[in-house]
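Engineer: Residue-level listing of the chains:
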Amino acid sequence: MALYAVDDYGRDPHLIAALSPLARLRWNVHVAGAENIPAGAALLVCNSRRFSLSAVYAGLALTDATGRPVRFVGRPDTAPVGALMRRVGALLAHPADVLGALRGGELVLISAAGTSHPRQAGAVPHELVGQAVVAQVPALPVTTISNRFGRTAYVEVGAPVNLRRERNGPLAHVELAEQVQHHLQRMLDVSREV
Amino acid sequence: MTGQGAGQRVLVAGMGSELGSLVAVKLEAESWVGALVGIDADPPRRRLRKAEFHLLAPSQRERIVDVVTAFNPHVLINLSVWEPDARASLRDARAFTADATVAIIGAAAECPALEAVVIRSGIEVYGRGRGTRTRPDESAPIQPTSEFGKMLANVEQQSAVLAGRTGLAIGTLRLAPVLGKHVPSPLGRLLRQPIVPYSALADSPFAVVEDGDAANAFVTAAARRLNEPVNVVAHGAITTLQAALRGRRIPLPLLGPGWGLAGRLSQILGAPIPDHVVEVMHRGRLADGSRAIEVLGSAPASSTSEVIDHLYAWESVVRIGNIREAVA
Numbered sequence: 001m002a003l004y005a006v007d008d009y010g011r012d013p014h015l016i017a018a019l020s021p022l023a024r025l026r027w028n029v030h031v032a033g034a035e036n037i038p039a040g041a042a043l044l045v046c047n048s049r050r051f052s053l054s055a056v057y058a059g060l061a062l063t064d065a066t067g068r069p070v071r072f073v074g075r076p077d078t079a080p081v082g083a084l085m086r087r088v089g090a091l092l093a094h095p096a097d098v099l100g101a102l103r104g105g106e107l108v109l110i111s112a113a114g115t116s117h118p119r120q121a122g123a124v125p126h127e128l129v130g131q132a133v134v135a136q137v138p139a140l141p142v143t144t145i146s147n148r149f150g151r152t153a154y155v156e157v158g159a160p161v162n163l164r165r166e167r168n169g170p171l172a173h174v175e176l177a178e179q180v181q182h183h184l185q186r187m188l189d190v191s192r193e194v
Numbered sequence: 195m196t197g198q199g200a201g202q203r204v205l206v207a208g209m210g211s212e213l214g215s216l217v218a219v220k221l222e223a224e225s226w227v228g229a230l231v232g233i234d235a236d237p238p239r240r241r242l243r244k245a246e247f248h249l250l251a252p253s254q255r256e257r258i259v260d261v262v263t264a265f266n267p268h269v270l271i272n273l274s275v276w277e278p279d280a281r282a283s284l285r286d287a288r289a290f291t292a293d294a295t296v297a298i299i300g301a302a303a304e305c306p307a308l309e310a311v312v313i314r315s316g317i318e319v320y321g322r323g324r325g326t327r328t329r330p331d332e333s334a335p336i337q338p339t340s341e342f343g344k345m346l347a348n349v350e351q352q353s354a355v356l357a358g359r360t361g362l363a364i365g366t367l368r369l370a371p372v373l374g375k376h377v378p379s380p381l382g383r384l385l386r387q388p389i390v391p392y393s394a395l396a397d398s399p400f401a402v403v404e405d406g407d408a409a410n411a412f413v414t415a416a417a418r419r420l421n422e423p424v425n426v427v428a429h430g431a432i433t434t435l436q437a438a439l440r441g442r443r444i445p446l447p448l449l450g451p452g453w454g455l456a457g458r459l460s461q462i463l464g465a466p467i468p469d470h471v472v473e474v475m476h477r478g479r480l481a482d483g484s485r486a487i488e489v490l491g492s493a494p495a496s497s498t499s500e501v502i503d504h505l506y507a508w509e510s511v512v513r514i515g516n517i518r519e520a521v522a
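Residue numbers (my numbering), protein chains in the order written: chain A, 1 to 194; chain B, 195 to 522.
These are calculated hints, taken from the structure and not from any lab test. All residues carry an ideal CB built from backbone N, CA and C; glycine is no exception. Treat each hint with caution, since some may be false.
Stated by the list, open to error - Covered stretches of chain A (chain B as the covering partner; in silico rule of three or more C-beta atoms under 8 Å from a C-beta of chain B):
| no. | segment |
| --- | --- |
| 1 | 3-14 |
| 2 | 72-79 |
| 3 | 86-97 |
Chain B on its own, in the form it takes in the complex:
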């Protein structure tokens, strides 16, 4: 797959997340990866056999720089992005992402062996202002209209500065909302509630991507030294009402003021609705993923409808005994 020599050093920032640990598992199986190091504020969610992990908070900039520069990777994969209301509140997510970006990108600039950086971004960077394209491709302007979109745009901007100074290959994967078993997603959480609110006037379509497909894209992008932005989007689309009906949930049509009340109620019930998810419901979120097929060689295996079906097929209660049997 790669054309890269064996024994490459790969560093994954954000290895503790669901997506990060999935990427790490897949990297461990790659023949071109010689050494694998990960850093994150949370421990990995999967058993890793080869990877060396460092538990570091985003604010520990000096320690992060020490770890990254001492390892001196050939490839750096930056997944240190906190989606608001996924693992952290908006305020914390904004601070963690900003701190981690400065530390990781700053450290990358000090690594003489570094050849390529792959960063996690999202199609939220295109924004959903009036008149924005129905399915933006990678050439569409970056005009985020949500907090998460602005955070991701900042990560992209800092990476572009790094590329300008060092000439490194910077591959940017703009992911559709990532759903998957155990992925802490505010959109996924909302869709799994017994009653699912949707916009009565718009009910706009959106696309998603499954975590396994997103992880495959990161591994391929790292192996191929991707040097451009690419949308990673499952084909097809779905609206909130359609998703609720597929999952046999009770759809709740809402108009303007109803969203405020529904948002507060949903937060109390444990599924806060951040602004980028509200934007999905009102304005939709689609993107053209055809470039990914050209440069990464494959499209996401699961369609948007299939990802939504998988979302509703997850167990509500996971029996510990079953996990032990599966592990054994």
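So that you can see chain A by itself, here it is in the shape it has in the complex:
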């Protein structure tokens, strides 16, 4: 009977288990740095090349690597696409949704703005990243590199990003977003070719 249930956020682990073989047909993902992910809540921020679905394969690969559901952000709030994405673990790109999940001890994956170059980190949305400051959880950069026409993809989790200086107000959100983008870019600069 456990087959017919979803978790507190509407994620359906059985549907994901059924879809995983399809995802593995499309992507062969190598994961590094998963040990950087803490046992509690964390905000993961990945770079994103346009149309690469990097958040999807990174989320699935990190779920496999950690054994914990990784909830990626960005589902639309309309059926049927939004409803289906909710079943595979997606949240709304809404700061309150991200904050709620982080406070609930979850791993949340958000994407930087999509770019056309695979080794360029786009702008990181500070409204969403700032929720890590509010929830007092670490933010970790996650690089994703894939070949548009091949199966091989790499996902690397970096060390938690710390703010250079203490901030009391919303500057902390903006500066954290900038630092995460900076870390992502540095990791992409030294990452391997696919």
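Based on the hints, put chain B in the right spot on chain A.
Structural biologist: The following block gives chain B in isolation, referenced to the frame of chain A:
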């Protein structure tokens, strides 16, 4: 559990309902409760040993005020909320709830001994408009999008006015849809039909809470003088299709116009589908119940899946003989 002295006077408005009489039974077992009075338009559904009950319609405002002020309770629990198409039609439910809220909250303001009020609300108050949070916590804005949600929001608003004027502790329990044996719930009734309609495009997840867990939350909130809103939600979630499959019902996928037809047919068959239940099917209804664990000290014992399993385990026909044996 309480820290409150013994001999407290507790008044339960809505004691005749399934949830109200369950709360009353549990209060009777509490050592801190000295006297218990209940009012409702229907008689209690359980045998109560200590409670004094007054059969009063919501429109009898003066009589309600007399009973409440004469009793002068320390704690008032307001369960006088009629869910549309549960015990009354939408029109009656709206009128009964509005009348009862004015009478009960108004009377509470006249009670000098009153220290705390616990009110029944629901997670319907958060609404399910586009862009609303997947799992709203208590800080989420009140933006009801269903008739029931608006009724509950009105109860909360009037209680907030009372708190502002008197400084009373107002604890608001925002319950997920309450299911339980004999609970008149339009959602429960619909899920128990042989054919269960669900949204083919969305089939959104929802959470529920069992009546016993909801009653425990009211008793604890009263004992602890809760002074904030709290979501009371069983953990886990389920979709309508999943619930139908668990109950071995025939799931019927529906698209837009099909809902109108299904709604009318279901009403004829005795299970009307009010707008807040349609909203559950299309948009889901989840809420973050972690605050309840912090302030009430425990989470609901039954998960959403277990509550749904219990729903399908109820007898369709209850033999009177069995009840007599159980009572004896």
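Engineer: Hint by hint, note whether the structure agrees.
Structural biologist: Hints and how they fare:
Three residues within the 8 Å Cβ limit are the bar, and the segment 3-14 of chain A against chain B gives 7, so the coverage statement holds. With a cut-off of 8 Å between beta carbons, the segment 72-79 of chain A has 3 residues touching chain B; three or more are needed, and the interface restraint holds. Residue count for the segment 86-97 of chain A with a Cβ under 8 Å from a Cβ of chain B: 6. That meets the three needed, and the coverage hint holds.
Against the hints set out earlier in the document, no violation occurs for any number.
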